[in-house]
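Q: Since the structure of chain C is provided, determine the placement of chain Z on it from the hints.
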Amino acid sequence: MTRILAPWVLIIAILAVWEVGTMLGHVPAYLLPAPTDILTAFVQNLPLLAASGWRTLEMSLEALAVACVFAGLLALSVSLNRTVDRAVRPIAVALQVTPIVAIAPLFVIWMGVDHPERAVVALAAIVAFFPVFSGAARGLASADPDLERLFDLYGAGRLQRLARLQLPSAVPFIVEGAKVASGLAIIGAVVAEWVAGGGGAQGLAWRILEAGNQLQTAKMFAAILALALMAAAVHLAFVWLERRALVWWRGR
Amino acid sequence: MSLARLSAAKVIYPGRGAALGPFDLSIEPREAVALVGPSGCGKSTALRLLAGLETPTRGMVDLIVGKGETSVVFQSPTLAPWLSTEANVALPLILAGVRHSEARARAGAALERVGLDEARSARPAQLSGGMAMRVALARALVTQPRLLLLDEPFAALDEITRRRLADDLLSIWAETGAAMVFVTHNVEEAIYVAGRVVVMTPGPGRFAGEIRVEASSPRSEGFRLTPEFRVAVEATSKRLSQAMAA
Numbered sequence: 027m028t029r030i031l032a033p034w035v036l037i038i039a040i041l042a043v044w045e046v047g048t049m050l051g052h053v054p055a056y057l058l059p060a061p062t063d064i065l066t067a068f069v070q071n072l073p074l075l076a077a078s079g080w081r082t083l084e085m086s087l088e089a090l091a092v093a094c095v096f097a098g099l100l101a102l103s104v105s106l107n108r109t110v111d112r113a114v115r116p117i118a119v120a121l122q123v124t125p126i127v128a129i130a131p132l133f134v135i136w137m138g139v140d141h142p143e144r145a146v147v148a149l150a151a152i153v154a155f156f157p158v159f160s161g162a163a164r165g166l167a168s169a170d171p172d173l174e175r176l177f178d179l180y181g182a183g184r185l186q187r188l189a190r191l192q193l194p195s196a197v198p199f200i201v202e203g204a205k206v207a208s209g210l211a212i213i214g215a216v217v218a219e220w221v222a223g224g225g226g227a228q229g230l231a232w233r234i235l236e237a238g239n240q241l242q243t244a245k246m247f248a249a250i251l252a253l254a255l256m257a258a259a260v261h262l263a264f265v266w267l268e269r270r271a272l273v274w275w276r277g278r
Numbered sequence: 013m014s015l016a017r018l019s020a021a022k023v024i025y026p027g028r029g030a031a032l033g034p035f036d037l038s039i040e041p042r043e044a045v046a047l048v049g050p051s052g053c054g055k056s057t058a059l060r061l062l063a064g065l066e067t068p069t070r071g072m073v074d075l076i077v078g079k080g081e082t083s084v085v086f087q088s089p090t091l092a093p094w095l096s097t098e099a100n101v102a103l104p105l106i107l108a109g110v111r112h113s114e115a116r117a118r119a120g121a122a123l124e125r126v127g128l129d130e131a132r133s134a135r136p137a138q139l140s141g142g143m144a145m146r147v148a149l150a151r152a153l154v155t156q157p158r159l160l161l162l163d164e165p166f167a168a169l170d171e172i173t174r175r176r177l178a179d180d181l182l183s184i185w186a187e188t189g190a191a192m193v194f195v196t197h198n199v200e201e202a203i204y205v206a207g208r209v210v211v212m213t214p215g216p217g218r219f220a221g222e223i224r225v226e227a228s229s230p231r232s233e234g235f236r237l238t239p240e241f242r243v244a245v246e247a248t249s250k251r252l253s254q255a256m257a258a
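Residue numbers (my numbering), protein chains in the order written: chain C, 27 to 278; chain Z, 13 to 258.
Simulated from the structure, these hints should not be mistaken for lab results. Here the structure is a predicted model, which means the values were calculated and not measured. Think of the CB as a built atom: it goes at the ideal place given N, C-alpha and C, for glycine as much as any other residue. There may be inaccurate statements among the hints.
As the list claims (entries may be wrong) - Facing chain C, from chain Z, some residues (calculated, C-beta under 8 Å):
no.: 1; residue: Ser56
no.: 2; residue: Ala63
no.: 3; residue: Leu75
no.: 4; residue: Lys79
Just chain C, same shape as in the assembly:
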């Protein structure tokens, strides 16, 4: 009971102190709006926030799908050939440690200034790529060694080994990687929108920027709230999907 109550009590306490503090302290609304002002802004702008949230979600999920396809194919070729593995690893790591903001302007140029949504998807896909790739690559190499020996004993061929041992063994790792990547894809999409947003890429980050430029701080907070709610919902959805996938995989 306390486990469920404790965070709510803290949240309500913070909000109460915030509300009373802004009221008594005469804090200007453009600096720190009261929680009730934020709630009002949230409700008033709900249709716009929902549409923008959907846009960000759409681009994140597209990016995740792109990342999964490319990461899966690359992990497969890496697991089939050690030379490819050695060749690819340093580039994959370099891609992972390069800040996305630094390469974002390049992608805006490459994808065409008329299509900011393509740049956002591409950038978010780069951010989401690594956990899927490393999960799949590790999974493909992590079959039970005794099962590998049995496959040796039964004279299994390269393809049989891949289809009947390595790929099924990799499933939990791939699902875990996709779960981590789903969160990163949203972060990537938001950061990319910041740099490349506008036009067809007016998601929640764009709303935050827009409201900030007009010094509508309550609206900024409302967009941040919408973003947090959306990210939490996506996280919970992927936790649920992972659990379902594992039940399907090991039968309970």
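A: Same frame as chain C, now just chain Z:
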């Protein structure tokens, strides 16, 4: 003519030193041999040589049995968690190119033989340790092997389950006419299942002696109470402690 023979076989792992030998062992058709020795003496390595899964660094391995005629059971059941019990048992046949319908039928028969035919659609995660080991045994039997290699198969099970499984193993062995090599560090278990117990020295293991167990088959729990059983256990234990001291 023996089914498999190790002649002065020595295995050295790079960086880890010698694991086995030089070690001699010959397996005759239809016999049951137990390999006993302290942990780290190379029992499992010897078994992998007999299975053709490893090659010796020095010495010779002669395998008269073909690759498809040998089956191995490991200490853990080593089942694929994503496959049903039946699909796990059918796997060796599928990999050998047997048609799915036939493989399934033969897997069902093998499961029936180990007393698990009603668990054919269960997944490994739903089985107890003893049941999972029976599935592993069924998978080893489904190819009708001439040589059955068992690497401490019951070590992780409780005493009652391991005794019951030892009885089942003996009746299956008698039925199939396969030769079996049973690796264990449990002397009583070795005497119970084997006609010949080979004792190994501490690693890298060499031949330290051999105890013949003269007893009628089929054996049953009563065998553990006979004087022959006690004599064989004492002789093996003595040989084992001599090997450890040397």
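Q: Hint by hint, say whether it matches the structure.
A: Status of each hint after checking the structure:
Nearest Cβ of chain C to the Cβ of Z:Ser56: about 11 Å, over the 8 Å cut. The hint is violated. For the restraint placing Z:Ala63 at the interface with chain C, the shortest Cβ-Cβ distance is roughly 6 Å, inside the 8 Å limit, so the hint holds. Given the 8 Å rule on beta carbons, the hint for Z:Leu75 is violated: about 12 Å separates it from the nearest Cβ of chain C. Against a cut-off of 8 Å between C-beta atoms, the interface hint on Z:Lys79 holds, since the closest Cβ of chain C lies about 6 Å away.
In summary, the structure is inconsistent with hints 1 and 3 from the numbered list given earlier, while agreeing with the others.
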